[in-house]
Each structure stands twice: as structure tokens, then as C-alpha cells.
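Engineer: As a plain string of letters, each chain reads:
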Amino acid sequence: MEAQLELPTRNAHFSPRLSEERFPSFNARLARHGLHPLRATGIEVFQINVGKLCNQTCRHCHVDAGPDRTERMTRDTAEACIRALELTDAPTVDITGGAPELNENFRYLVDASKALGRHVMDRSNLTVLLLRSQSDLAGFLADREVEVIASLPYFLAERTDAQRGAGVFDKSIEALKLLNRLGYGRDPALRLNLVYNPTGAFLPGDQDALEREFKRELDRRYQIRFDRLFAITNLPISRFLDFLLETGNYERYMERLVNAFNPAAARAVMCRNTLSVGWDGQLYDCDFNQMLDETVAFGAPKHIRDFSTELLENRRIVTGLHCYGCTAGAGSSCGGTTA
Amino acid sequence: MSHYYDEHDLSRFGDMGRNAPDLWDKFNDWYQATFQEGSLTGREKALIALGVAHALQCPYCIDAWSQECLEKGSNLDQMTEAVHIAAAIRGGAALVHGVQMRKRNAQLSM
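These protein sequences, in sequence, are chains A and B.
Be aware that the first sequence starts at 4, since it is given in my numbering, and climbs by one per residue.
Be aware that the second sequence starts at 8, since it is given in my numbering, and climbs by one per residue.
If we strip away everything but chain B, and leave its shape as in the complex, we get:
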């Protein structure tokens, strides 16, 4: 294995069902139900998934959900905004920990 990530691995995701088929089926059923149209449209769910994919920095997910967003009719403006939301939450999550830093500083400092 010359590198950890290979784009062809995405199409082999189903291999994960080989040694634990019951668990794989449960995951698949739940996963597919999650992305059915509900209170949110399929297009909105795909944009959320795209944002989460970026927050997780999962190349497989970014690949798959970029395509899915396009297929569901989203445009680059909408997809970019979704990525900014992911980035903003990640940035905010880092920044809010600064409060902990400030508290520690207060505890340790004269």
C-alpha cells in the first residue's frame, strides 16, 4: 500500500459488509433512511452532508457528497456556503476553547 487514501476505495465501501453483514445491513438501512426526503429535502440533506464531510476532512465523503449535491441540483455558491458553515463551526469550536485557556491563565497567574 503506497498511500493511505485511494479514490477507487470509495467504490469498495461495500467490502465492509463481508465480515459483519448484519451490522453492515443495519448501517445501510439506517443510512438510507436518514437521507430520504423528510422535513428536509434531499438537496438540503446533501448540503449538510457536504458540510460535515469537510468538518471531518474525509476525502471519500467530500468526493461523494460534492457529486451528490450537484446531482440534486445545488450550485457552487450553495456548496461553498455549506463548506463555510463547516469551517466556521470548526473555527468557532477552536476559538471557544480559548475561554478555557483564559480560565487556566487566571488560575495560574498572579
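Next up, chain A with everything else stripped away, as it sits in the complex:
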């Protein structure tokens, strides 16, 4: 059998003592199910992370984003993204951050992607829509029929604010009402999906059941409507890893992820059909690898300026212990469950 090629993680937050020695290799687990080495099956989602600048500082953020972060995608890199996008048949462009709307090239990326006939998704923290500097943002998104993927971990203030900061829940509700007024969540062309992240060291429950609960409660309490709810598992990296370690939850959380490994979810992991571009043009298999500084490897070009569909569409995926987060239970991806 091929040697286990679990790549060492370079993230300073990720303690080797607590990881490689303690839990079974992800690649070994893949091998047991005939999935090693994991390979991409194409590029259907062209995900662009424009940087770490954000108007919020959420406790679980895997990007470690915040108002003081200066990493931002330049116009040159944004244009290189569009040139690369043109070389692919990827139907979807997924723009994320930080708060991606705060990047000066966000609107260029939206317009240029739409001009190429691609569907565009904006991963929004919602509160950015209320910033004075972004007063025309909601209208901009609606005019271009940009799908909004909005973070809302719970339908009550206490748990939402505990994760995302004091007062965020009330502003998020105000922003959702604004989007509803513009037709989001009501007009089929204006998709409004919510992202549910557990507000602690536990896994998300059944996505459909959570969606029913959120729809009922948000409608009953605030008359808010949305399309789908995506239940996303918090991966043990960056700030969420800090939380796990500080609260003594790390080992048990990892045990739950490892014990819940689902081969069907592993077959459907998002990295197989996604390419993730970092703010500086580096290429990654997913946004999580991006935050661990694990670029694509195994002969694939590492920068957007060297983009090659041929070398990237069936590239071998770089994996690590954090990948157990996407393969636990019903699976997890930027689009919710996968299995």
C-alpha cells in the first residue's frame, strides 16, 4: 500500500501533539474505502477568497478575519481570476472572505463573472449590508441576481451574538428583512440561503430538520423568508480550534468527527469539484486548506497566473486531519450536507 501521505499541517494553531499521534490518518481512512488518493473530478465551483478584512470578528471564524486584517486581493489578481475563469466551464463563482463585499474589487468580480455567464454567490455576513459605505450593496446584488449565502447560526440573539459578536443578531435580522423587501427569498431568481454553524463544540443536526425549524421560527418571529439552510460543520482550525483547546473540548470533538466518518460524504467532498483561490492568487483545494497555507500540490500549478484547467481539474487533493470535518455524518461543504 502507498505510504500514508498525510501532509503535516503548518498552521501554528494546530498542535501536532494533539493531532497526528492521537487520531488515525485521514488518508488511511480514505484508503480503507478505496478513496485514496482523493482526486478532483472537475472545477464546478470557482471559489475566490478576496481577503481577510471583515467588519465582524466571529469566535468560530476559520479565516481569522476581522477589521484589522490587511490581506486583500488586488485588481491584478482579480483580473487574473477572471482570465482563469474564462478558461473553465465552471458554472458557479463563489466569492468569500472576510466580508468579501468590502474588497474594492468585489463588484468587478461579480460583473466580470456575470459577463461570462456564470452564476455568482456572495458569502455575506449580513451586517455588511447595513454599513453606511455599503448602502447600495443590497440593490447591487439584487440587480445582478447574485445568490446570497448568509451566515445566521441561530434564530435567537443569545446564541448568534455569542458566536458573532454583541448586537450582530439584531442587525442580521434587519439585513434579512432588507433582502426580503428586495425580493430575496421570495423571487426564484433571488436566492437567499442561510448558513447554520453550530454555536459550540457539537456537530450540526439533520439539515432538513434544522431548515424547517429556522423557517418556522424566522417567519413566526420576524416574518423573514429564505430558500435553503446549509448546515456546516465547524472545522478544527484557526479560531474554532482555539476555542476547542481553551475549553478542553478538542479531543472529544475530534473523536466525534473521526467516529462519524462517512465514506459517502468522503466521495462527495466539495474539494473534488471546487478550486479555491486565495487573496494573493495562490490556489488551494478548499477554503480550509487555504487557511492552513496548504496550497494545491502533486504537480498542480500553485498560483492563478499559472492556471491550467488540464493540470487542475483532476488534481490530487491535499488532505489533513481537519478533513474529517467534511466527512462526518451527513458531510459538510460550503453548500451544506453532501451525503
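Just so you know, these hints were derived from the structure itself, not from any lab.
Wrong hints could be hidden among the right ones.
[Said to hold, decoys possible] Some chain A residues well away from chain B (every beta-carbon gap over 10 Å; in silico): (1) Glu47; (2) Ile85; (3) Pro207; (4) Ala212; (5) Leu213; (6) Tyr225; (7) Glu249; (8) Thr250; (9) Asn262.
[Claimed, not checked] Result set (DMTMM-like, lysine to aspartate or glutamate): computed pairs, CA atoms no more than 25 Å apart in a straight line: (10) B:Lys52 / A:Asp211; (11) A:Lys180 / A:Asp190; (12) A:Lys218 / A:Glu148; (13) A:Lys305 / A:Glu148; (14) A:Lys117 / A:Glu107; (15) B:Lys52 / B:Glu14; (16) B:Lys52 / A:Glu220; (17) B:Lys52 / A:Asp209; (18) A:Lys174 / B:Asp84; (19) A:Lys218 / A:Glu258; (20) B:Lys52 / A:Asp222; (21) A:Lys218 / B:Glu14; (22) A:Lys218 / A:Asp190; (23) A:Lys218 / B:Glu51; (24) A:Lys218 / B:Glu44; (25) A:Lys218 / B:Glu88.
None of these values were measured; they are calculated from a predicted model.
For glycine and all other residues, C-beta sits at the position ideal for the given N, C-alpha and C.
Based on the hints, put chain B in the right spot on chain A.
Structural biologist: Then chain B, alone, in the frame of chain A:
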């Protein structure tokens, strides 16, 4: 064994299948079927289980079902109400036996 309860024992629950696997399988099948969505949702069943766990004062069950309630989307208000129901039933169960006490008193007293 320095103490009776150990949180790591919860993950060893499956060891109970070693010497009576048929019985363990029957228990597992029934247990899993019980918690499938039915007339009650999975979230409602988890809240009932949390209440029962407190009535039984089983630390393993409280641990497991607190987590399960959170995963199924319940919040602390709902979970606290479930515990109050368990406590109220336990309290009521003690109190209603006072009727027996009163009857005995009537029987014994002049």
C-alpha cells in the same frame, strides 16, 4: 477503579455487546428505531430524552442528550424547560405519596 463514573466510559458503551451480541443488537435496533422521526420530531424526542435523563439522574445520558439536543437545534430555554418537567414530575411523584402518608396517619391516629 478510583471512582464509579468516568466520562470516557460513555464511548465504551458498545463493549456491552461483547458477551451478549444478539441482545445488544436487539437493543440497538429498537433504540435507533425509537429515535427516528415519527409523529414526534427528532428534536422533540431528544428533549424528552433529556428530561428522562435528568429524572434518572444518569450522568452519561445527561452528557449525551445535552449534546444531542444542541445538535438538533434546541436552545437552552427549551432544554431548561425539559429539565423542569422532569423535576416537576419527580417532585409531584414524591408529593402525591403524601396522600398515602395522610391515609396511614388517619388509620393510626385517634
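Engineer: Hint by hint, say whether it matches the structure.
Structural biologist: Structure-based check of all given hints:
No Cβ of chain B approaches the Cβ of Glu47 (chain A) within 10 Å, the least distance being about 29 Å, so the stated non-interface status holds. Consistency note on Ile85 (chain A): stated as away from chain B, and its beta-carbon is indeed over 10 Å from all of that chain's, at 40 Å minimum. Once the 10 Å rule is applied to beta carbons, Pro207 (chain A) is inconsistent with being away from chain B; the minimum gap is 7 Å. Remark: the non-interface label on Ala212 (chain A) conflicts with the geometry, its nearest Cβ contact in chain B lying 6 Å away (cut-off 10 Å).
With a least CB separation of 5 Å from chain B, Leu213 (chain A) falls inside the 10 Å interface cut-off, contrary to its annotation. Consistency note on Tyr225 (chain A): stated as away from chain B, and its beta-carbon is indeed over 10 Å from all of that chain's, at 16 Å minimum. Non-interface status of Glu249 (chain A) relative to chain B is upheld: no Cβ of that chain comes within 10 Å, the nearest being about 19 Å off. The claim that Thr250 (chain A) lies off the interface holds: its Cβ sits roughly 14 Å from the closest Cβ of chain B, which is beyond the 10 Å cut-off.
Residue placement check: Asn262 (chain A) does not keep its beta carbon more than 10 Å from all beta carbons of chain B (closest about 8 Å). Restraint check: the Cα-Cα separation between Lys52 (chain B) and Asp211 (chain A) comes to about 16 Å, which is no more than 25 Å; the hinted pair holds. Distance check on the hinted pair: Lys180 (chain A) and Asp190 (chain A) sit about 14 Å apart at the alpha-carbon level, within 25 Å; holds. A C-alpha spacing of about 22 Å is found between Lys218 (chain A) and Glu148 (chain A), which places the hinted pair at or below 25 Å, so the restraint holds.
This hinted pair does not check out: Lys305 (chain A) and Glu148 (chain A) have alpha carbons roughly 32 Å apart, beyond 25 Å. Restraint check for Lys117 (chain A) and Glu107 (chain A): the C-alpha separation of about 17 Å stays at or below 25 Å, so the hint holds. Distance check on the hinted pair: Lys52 (chain B) and Glu14 (chain B) sit about 23 Å apart at the alpha-carbon level, within 25 Å; holds. Of the pairs offered as hints, the one joining Lys52 (chain B) and Glu220 (chain A) holds, with about 19 Å between alpha carbons and a cut-off of 25 Å not exceeded.
Distance restraint check for Lys52 (chain B) and Asp209 (chain A): the Cα-Cα separation of roughly 14 Å lies within the 25 Å cut-off, and the hinted pair is therefore satisfied. About 22 Å separates the Cα atoms of Lys174 (chain A) and Asp84 (chain B), which keeps this hinted pair within 25 Å; it holds. For the given pair, Lys218 (chain A) sits about 32 Å from Glu258 (chain A) by alpha-carbon distance, which is inconsistent with the 25 Å threshold. Pair hint Lys52 (chain B) plus Asp222 (chain A) holds up; C-alpha atoms about 24 Å apart against a cutoff of 25 Å.
The suggested pairing of Lys218 (chain A) with Glu14 (chain B) is violated, with an alpha-carbon distance near 36 Å, which exceeds 25 Å. Pair hint Lys218 (chain A) plus Asp190 (chain A) holds up; C-alpha atoms about 16 Å apart against a cutoff of 25 Å. For the hint linking Lys218 (chain A) to Glu51 (chain B), the alpha-carbon distance of about 17 Å falls within 25 Å, and the restraint holds. The straight-line distance between the Cα atoms of Lys218 (chain A) and Glu44 (chain B) is roughly 18 Å, inside the 25 Å bound, and the hint therefore holds.
With a CA separation close to 22 Å, the supplied pair Lys218 (chain A) and Glu88 (chain B) stays within the 25 Å bound.
Of the hints listed earlier, those the structure fails to meet are numbers 3, 4, 5, 9, 13, 19 and 21, in rising order.
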